[in-house]
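Here the protein sequences come in this chain order: A and B. Under the numbering used here, think of the first position of the first sequence as 1, with each following residue one higher. Under the numbering used here, think of the first position of the second sequence as 1, with each following residue one higher.
Only true hints are included.
Footprint (simulated), chain A over chain B, 3 or more residues, beta carbon under 8 Å:
1. 490-500
2. 516-528
3. 545-551
It should be emphasised that the hints constitute simulated quantities derived from the structure, not laboratory data. Yeah, the Cβ is synthetic: ideal placement off N, Cα and C, and Gly gets one too.
Protein chains: 2
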Amino acid sequence: MDFYQKHKETLDKAISALHERKFFAQYPEHPSPKIYGETADEDGRNKFKGMLNSRFDELLQGEPEAWIGEEESPYLNDKLNVSYPSFSTETLVSRGLASFSQWRKLSPVERAGLLVESLDKVRERFFEVAYATMHTTGQGYMMAFQASGPHAADRALEAVAMGLEEMTRVPKNSFWDKPMGKFNIQLNKEWRAVPKGLSVVIGCSTFPTWNSVPGIYASLVTGNPVIVKPHPGAILPIAIYVAEVQKVLKENGLDPTICQLAPDTYSKMITKELAEHKDVKLIDFTGNSEFGSYLEGLKGKTVFTEKTGVNSVILDSAENIDEVAKNLAFSVSLYSGQMCTAPQNFFIPDSGIKTADGVVSFEDFAQKLADNITGLANNPKAGPFVLGAIQNQNTCSRVDEAKSLGDKVWLESATIENPMFKTARTATPVVLEVTSAKKDVFSKELFGPIVLLIRTKDTGESIAMARDLAMEHGAISCGAYTTDQATKEEIMDQMGLAATPVSFNLTGGIYVNQNASFSDFHVTGGNPAGNASFTNPEYVVKRFTMVGFREPAKAEA
Amino acid sequence: MDFYQKHKETLDKAISALHERKFFAQYPEHPSPKIYGETADEDGRNKFKGMLNSRFDELLQGEPEAWIGEEESPYLNDKLNVSYPSFSTETLVSRGLASFSQWRKLSPVERAGLLVESLDKVRERFFEVAYATMHTTGQGYMMAFQASGPHAADRALEAVAMGLEEMTRVPKNSFWDKPMGKFNIQLNKEWRAVPKGLSVVIGCSTFPTWNSVPGIYASLVTGNPVIVKPHPGAILPIAIYVAEVQKVLKENGLDPTICQLAPDTYSKMITKELAEHKDVKLIDFTGNSEFGSYLEGLKGKTVFTEKTGVNSVILDSAENIDEVAKNLAFSVSLYSGQMCTAPQNFFIPDSGIKTADGVVSFEDFAQKLADNITGLANNPKAGPFVLGAIQNQNTCSRVDEAKSLGDKVWLESATIENPMFKTARTATPVVLEVTSAKKDVFSKELFGPIVLLIRTKDTGESIAMARDLAMEHGAISCGAYTTDQATKEEIMDQMGLAATPVSFNLTGGIYVNQNASFSDFHVTGGNPAGNASFTNPEYVVKRFTMVGFREPAKAEA
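Turn these sequences into a full structure, and let the hints steer you where they fit.
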């Protein structure tokens, strides 16, 4: 069937949204029974439970060489015992190459239609994906649903829409008619958007779908077969996406290995082997800076990375400091600071923060922030669900060691009890004070719930430090609080130079960590945090090449 | 004055042309007195002569540290004795950085307007540029005029138009209004196209303006200051462009060092020092593969390269083989094969070329090609002007050595007499026969007038070899002759995979070497020949970063 016609309205809306950058969402973010069905949540939970202690047998990649899987739930503190079909790099690459011609020869609209159809199929499994995400990443239920389900699907749709627009931007053909004086040179010209080749998408352990589906769908829509290499700690959420893509492919007479899953284990990671393979032309990666930089250095590959960054909050002045402290306390607590957009370094002038009710001293703000974090963590109706669990034991160790980094501990990290999962691995944020001289402490990402309050001479120094950190070590987000127009302009100008988006004066129900499809660019490539570029034109145009053909036009008879 | 309003119509036309990819030229390519003025040619020649044996003192870069210059005319076989102001890398970089804020804070339309104004000023100097190009590159008069004047200016305008479109594609701001059920989250969002920083454009000796002005203008329109580092053998043509840019900047109260010339000498090249400088963020390069690959490997830089390629002609079948031989003889003779788009490897089936009048054998075609080359070279009204002169003595040596590479010499290279320049360094094409087994011979660029006729099993082998060569060693152009639709499709498909544009069945006054602004992509990044990408979106979007700012919208009073 013609999926492009079926989904044309959705794609047209998505393309318009990208142009206007206004609010748009195709997949509702609220896990409401009214939207997704009365039994959707329970059904999803049961399906997830049914997957445990068994083989994930939905993939259509043929007989595997082995069944592997080492995922553990940070909530259950136990293995999931799900195993996945494993294949050698040579098998994956040769099957990907074998499927290439079939996929690339479809038109962009045919590919786009099939891909949106697969997203609609995943929509029916958002709750399964949510539970799979909770029990691999440690995200709270709401975040797991939203980030891995509707938000990820919207980002995938965004990539499909952008890819479709860019591929069809140049006309398929044109008549080129050049007057030469006594005669004309007339050529028929034709252009084809030729995909670069085999694509490998390397996932991370904390956002296994949100950070991977844009690359998967961007490569697919532009005609490249994809090998999805999830993090060994978070396979199940993305395996469900891949399974649905494969089903849509197969049902439409296409080779399911156009999109393959390539799971591996901690003891035998296949990432380097895949990335270095001569036939792999495109790489998408989310993870640590060291590995990301190694990938960026590989010759002859087009590489998109989201590496680490050091995110700052610049505190200058505010209308209501209590609202500020409350908002930021939520930001550092959300998923226990395990977001690439979570703020880490809070720059506060020694002279305090100017407010409508007078200056709030460094100390007073530090106390307010600590109190708000404690209040949130200890609220049994909010704390456990906002904080979630800690994906990796190393993060707990890092939080533990962080205590000794600062000049003063404003708030110790603690564990909290999760009413549903007694065994959950938890850690509330630690808040430290550091002087601006201790650059070595705050010049790197301290992944997890670690907050540094940095005492600066003045806001000028705060801005300069936030800018320099972003330029030298990367940054993915920046929060700023100022009621002064000139200071705001200075922050925009200086953080702009460091290619870091800034959220100003956020209070209430919107947080610096959040990043909206169809509107907010994400990791745009202007600083060392990476060049993933969700989703600006660079994100798709580098995945294909426009190739032109021309021939003299025959004279009319 | 508002140059954007003055040039809006031109820019709008240029943007439309890029969309439609139909014929468009802003700067007339014919050096006609009716277009450029009755005395334009003579005036230009006299001005060029006046520049010889003196200092080029038009630049507005302050007091130089030295005056240097080593250009030689391949026609006069003598030094030009033009010297240029020289500055240390640190001076160039610090002045470029000092001018950055002023330039980046102009709006895209302000920058675009100023840049088109500078092109219009250069237009008044096209004849000077033409003579400067002849006497540095060895190009014939007509090519020197067209390639360095109107065609280069059109490619610069194309880059300005594409940059303007891409920078203004995202709205300046938008109101983001997200329904949350009981309330809405409302944000004012704003985006700025932030330039990446200091840009270095490295020129080549054969096309000193055509290959450099796209990068210069693409970087400038996107807000980046530019340091132009010409080849020490071809400075004058691009110095005139830079001088005109500087004059327009100064006349409008801007710092002329927004665009600086950085000449050097063969004995003390400053290219590496400039490229490796930590403050240099963008590099454009035309030249050899080894240096280009070194530049591509530099960390933290955005690099555009046009390196070497191995260009093929696939001969399968033709309507009129004499027209084919005539067309190709011109292609290999034009500027003595010193074009990046010149064909080198002619793949011909052992069984010959099918034509309407029967099969033309390998031998017969070889003889026809040789005869046409000889006829052209020996035609005193055409030969010297089409062949031009040899830029670099090394090319003559390479032609000399080439004789021994093949199985048979079908045509020896010769010198010809140029009626205007008795001392001109010339070399007509050498034509060799090679079997398809001798891959080592034809798997590299043999820069200059060297033609290899490669005997293949059949057209299938011809296509496979042309494709593999392009994939492994790069290719910038491909010519193909076939009257069979299936063969044509196969060539499009296979050469498409190697990201190589194909010109089919060219005869008459259009040649595979030619590449039209606003229509033909050039070095699109899909094979090892480079990623210069004149001018697709990648060429401009990688020169800036879209940075977003957002803030809660105030409730209406």
